[in-house]
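Engineer: Be aware that the sequence shown starts at 1, since it is given in UniProt numbering, and climbs by one per residue.
FYI, nobody ran anything at the bench for these hints, they're computed from the structure.
Treat each hint with caution, since some may be false.
[Claimed, not checked] Between beta-carbon pairs, the in silico distance windows are:
(1) ILE57 with ASN32: 47 to 55 Å
(2) GLU35 with GLU70: 50 to 58 Å
(3) SER28 with GLU61: 44 to 52 Å
(4) ASN36 with SER58: 44 to 52 Å
(5) ARG73 with GLU35: 52 to 60 Å
(6) PHE64 with PHE31: 45 to 53 Å
(7) ASN40 with THR63: 47 to 55 Å
The structure presented is a predicted model; accordingly, all values stated were derived computationally and were not measured.
Don't be surprised by glycine CBs; every beta carbon is placed ideally from N, CA and C.
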Amino acid sequence: MNSSTIFPYDVDEDKTSSSNPSSYYEQSDSFNNFENNVGNASILKGLNELNHRINNISINELTFLKNVEEWRR
Numbered sequence: 001m002n003s004s005t006i007f008p009y010d011v012d013e014d015k016t017s018s019s020n021p022s023s024y025y026e027q028s029d030s031f032n033n034f035e036n037n038v039g040n041a042s043i044l045k046g047l048n049e050l051n052h053r054i055n056n057i058s059i060n061e062l063t064f065l066k067n068v069e070e071w072r073r
C-alpha cells in the first residue's frame, strides 16, 4: 500500500464521508512529508559519516606525509 492511496473512510465518524475530500489529500501529504523527512535524515546521516571518513583520510595522509618528510631529513 503506498502513501498516495486515499481512503474515503472517516475513522472518527465510523462511516464513509464525502463532505470534505480534501482532508484525505492533507493526510496523504502529511504522510508524504513524514516519509521525506525520514529519507532526508538518512541522507544527512550518510553524508555526515562520509564527511568524517574524508576528514580521517585527510588527517592520515597529512600524518603520513609529515612522517615521510621527517624521515628524509
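Engineer: Now tell me, hint by hint, if it's right for this structure.
Structural biologist: Hint check:
| no. | hint | verdict |
| --- | --- | --- |
| 1 | ILE57 with ASN32: 47 to 55 Å | violated (37 Å) |
| 2 | GLU35 with GLU70: 50 to 58 Å | holds (53 Å) |
| 3 | SER28 with GLU61: 44 to 52 Å | holds (49 Å) |
| 4 | ASN36 with SER58: 44 to 52 Å | violated (32 Å) |
| 5 | ARG73 with GLU35: 52 to 60 Å | holds (58 Å) |
| 6 | PHE64 with PHE31: 45 to 53 Å | holds (50 Å) |
| 7 | ASN40 with THR63: 47 to 55 Å | violated (35 Å) |
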